[in-house]
Amino acid sequence: MFADLLQHIVNGLVMGAVVALPALGLTLIFSVLGFINFSIAAQMTVGAYAGWLVNSQLHWPLVPVLVVGFAAAGLAGVIGDRLALVPMRRTVSAHTPLMVAIVSIALNLALENAIRFGFGSDLNSFEMPIARDVQFAGVRIGPQQMHNLGIALTVAIVLAVFFTVTKVGKAMRAVADNPDLARLKGIDPAKLSNLATFIGMGLAGIGGALLAIDTSVDPSTGSRLLLIIFSASVLGGLTSLTGAVLGALLIGVVSEVALLAISPVYQSATAFVAILLVLLVKPSGLFAGSSGVRK
Amino acid sequence: MTSYIVFMVTLAGIYSLLSLGLVTIWGQGGMVNLGLVGFYATGAYTSALLSMAGVPFGVSLVAAGLVAGIVGVVLSYVTRTLRGDYLAIVSLGFAEVIRLVATNEKWLTGGSDGLPGIRSPLKAELGALHPWFYLALVWMIVGLAALCVTRLVRSPYGRALRALRDDEQVAAVAGKPVLKLKLKTFFLGATLTGIAGGIYAHLTSYIAPDGFVPLLTIYIFLAATAGGYTRVVGALVGSLAVVALLESTRFAAAAIPGLTAVQIASLREFVIAASLIVIMQLKPEGIFRSINQSSGDSTPESPRSETSSVAMSPRVKVGGL
Numbered sequence: 000m001f002a003d004l005l006q007h008i009v010n011g012l013v014m015g016a017v018v019a020l021p022a023l024g025l026t027l028i029f030s031v032l033g034f035i036n037f038s039i040a041a042q043m044t045v046g047a048y049a050g051w052l053v054n055s056q057l058h059w060p061l062v063p064v065l066v067v068g069f070a071a072a073g074l075a076g077v078i079g080d081r082l083a084l085v086p087m088r089r090t091v092s093a094h095t096p097l098m099v100a101i102v103s104i105a106l107n108l109a110l111e112n113a114i115r116f117g118f119g120s121d122l123n124s125f126e127m128p129i130a131r132d133v134q135f136a137g138v139r140i141g142p143q144q145m146h147n148l149g150i151a152l153t154v155a156i157v158l159a160v161f162f163t164v165t166k167v168g169k170a171m172r173a174v175a176d177n178p179d180l181a182r183l184k185g186i187d188p189a190k191l192s193n194l195a196t197f198i199g200m201g202l203a204g205i206g207g208a209l210l211a212i213d214t215s216v217d218p219s220t221g222s223r224l225l226l227i228i229f230s231a232s233v234l235g236g237l238t239s240l241t242g243a244v245l246g247a248l249l250i251g252v253v254s255e256v257a258l259l260a261i262s263p264v265y266q267s268a269t270a271f272v273a274i275l276l277v278l279l280v281k282p283s284g285l286f287a288g289s290s291g292v293r294k
Numbered sequence: 000m001t002s003y004i005v006f007m008v009t010l011a012g013i014y015s016l017l018s019l020g021l022v023t024i025w026g027q028g029g030m031v032n033l034g035l036v037g038f039y040a041t042g043a044y045t046s047a048l049l050s051m052a053g054v055p056f057g058v059s060l061v062a063a064g065l066v067a068g069i070v071g072v073v074l075s076y077v078t079r080t081l082r083g084d085y086l087a088i089v090s091l092g093f094a095e096v097i098r099l100v101a102t103n104e105k106w107l108t109g110g111s112d113g114l115p116g117i118r119s120p121l122k123a124e125l126g127a128l129h130p131w132f133y134l135a136l137v138w139m140i141v142g143l144a145a146l147c148v149t150r151l152v153r154s155p156y157g158r159a160l161r162a163l164r165d166d167e168q169v170a171a172v173a174g175k176p177v178l179k180l181k182l183k184t185f186f187l188g189a190t191l192t193g194i195a196g197g198i199y200a201h202l203t204s205y206i207a208p209d210g211f212v213p214l215l216t217i218y219i220f221l222a223a224t225a226g227g228y229t230r231v232v233g234a235l236v237g238s239l240a241v242v243a244l245l246e247s248t249r250f251a252a253a254a255i256p257g258l259t260a261v262q263i264a265s266l267r268e269f270v271i272a273a274s275l276i277v278i279m280q281l282k283p284e285g286i287f288r289s290i291n292q293s294s295g296d297s298t299p300e301s302p303r304s305e306t307s308s309v310a311m312s313p314r315v316k317v318g319g320l
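Chains as they are written, first to last, in numbering that gives the first Met the number 0: chain A, 0 to 294; chain B, 0 to 320.
The following block holds chain A by itself, in its conformation from the complex (with noise of 0.2 Å):
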């Protein structure tokens, strides 16, 4: 019995830590440009089928597969953002950010169909080698579930030394916290909300390359999971990216220590009941201050 909830509590770390990724973007593109990008399910899938093209056609492997994926995902999403939605953002009123989100889930779904018309339907896996799985005081841990894990950390990292240490990514944290202010000190939030798109996007395309390694990749594989990402998004207030990532690991366990309880098929609907009940009890999201991107 504590074997099997210690196993599910790894295996929702390693599920948080896949999902942290495209949570971190969602959290970093509505800080910067505020609006929530519902496209970026559609993204995960563009990641996925592009490290897919380059590992089955050209059998590169793990990292620039990721690499691949990253520049793939990003790159499309600076595209359908420029094409889609900055004509939407250009009109200012109280409804931009609802009506550039509603334009947003019309691009994922034209993005998803796009895919869906040139590769079909089918699921496709990728070559990886296949190792056994890493037994530890009866808990099983897949080696593809370690380099996940080992990635979402290190891509944290990487982000939390960018968001602290250089300068454009102090920036995106000023126009974060007060688009205003950022102008006056000479910052063009213009110029960063491409940067910051292109950012989460690739999270996203990353996020969705290990979890198309770990299981497979189809044109839904980013829709099937846009409330676990929200959730977690939402868990940390939507504009902490620790609470991103502390709201996608939460999310992760919660979800597969219900399994415990309840029917795999109603695990994406845990995510839903936990979004109910932190908003009701903090609606400010469990791992928030008040507003801006905290690190």
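These aren't lab readings, by the way, just hints derived from the structure by calculation. Take these hints with a grain of salt, some might be off.
[What the hints assert, rightly or not] Calculated lysine-lysine pairs in the DSSO-like style (CA-CA distance at most 27 Å, straight line):
1. A:Lys-281 to B:Lys-179
2. A:Lys-281 to B:Lys-183
3. A:Lys-281 to B:Lys-175
4. A:Lys-190 to A:Lys-166
5. A:Lys-184 to A:Lys-166
6. A:Lys-190 to A:Lys-169
7. A:Lys-184 to A:Lys-169
[Said to hold, decoys possible] Pulled a few chain A residues facing chain B out of the computed Cβ check, cut under 7 Å:
8. Leu-97
9. Val-102
10. Phe-116
Just so you know, even glycine gets a beta-carbon here, dropped at the ideal spot from N, CA and C.
Use these hints to put chain B onto chain A, whose structure you have.
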């Protein structure tokens, strides 16, 4: 062919009800309900289950509306203190959970096999005339709903609601009961959506989770936006246009040679999504421009008009501009 057209026009009526629900919640109330399809499914299953238990059509339809409305109130109450984005996410999540429940609770919903044999009123008595009767019935309900929403929009309640949509703080300072207005409005919109679900269940006499895909929410957003998302007449015309677009893409896609079934389906969905993006960019006010829709009587201009909104809502943070 006639029966096909009758069915489609009936369906357009159902879409009109859904669009009216969206116009109420979004166009007038400024709240975003991304879980439209969840409320629609809730209404459909409520009405279907009740009528299978022997409850008369009218009663089950009202119950469908009430149940959906109550769920709407709960969701908007939970997110009452937060930015509109949270309501959007929570409603989206709700729709997903409803889909899971409908697929997996076999004892109640029949699982993915669905619920067959939902009775339609006077079906045996009318025979071949029944589709026509149902068509008239649906559009009568649409007419009634449109009338109610129009009256509502023009009432002091409607004005207060738009004031709230354009700036919540100003409305609150002016003494408008913000929370109450929001909850009432979401209730109304969700009720319309639930009733539309009930009507759909009795139209097709069979419902399954496949009938309630998230895509439907996009269709209705397209319908409401195409017609002008603050306008009642826009909701009706937009719905007819969307059904026409959906059906014409069905034929158009089939006419392109060398496409697989999956490709045809994805092409159609792509066209719908792209249309929504293009319309929102080029003509966000729709075919029927918002007339006198601003909360203040002295400024008969669109609520999206730049000058008034910027002046009125300095607290709104729009990043990246």
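Hints, verified against the model:
no., hint, verdict
1, A:Lys-281 to B:Lys-179, "holds, 22 Å"
2, A:Lys-281 to B:Lys-183, "holds, 24 Å"
3, A:Lys-281 to B:Lys-175, "holds, 26 Å"
4, A:Lys-190 to A:Lys-166, "holds, 14 Å"
5, A:Lys-184 to A:Lys-166, "holds, 13 Å"
6, A:Lys-190 to A:Lys-169, "holds, 14 Å"
7, A:Lys-184 to A:Lys-169, "holds, 12 Å"
8, Leu-97, "holds, 5 Å"
9, Val-102, "holds, 5 Å"
10, Phe-116, "holds, 4 Å"
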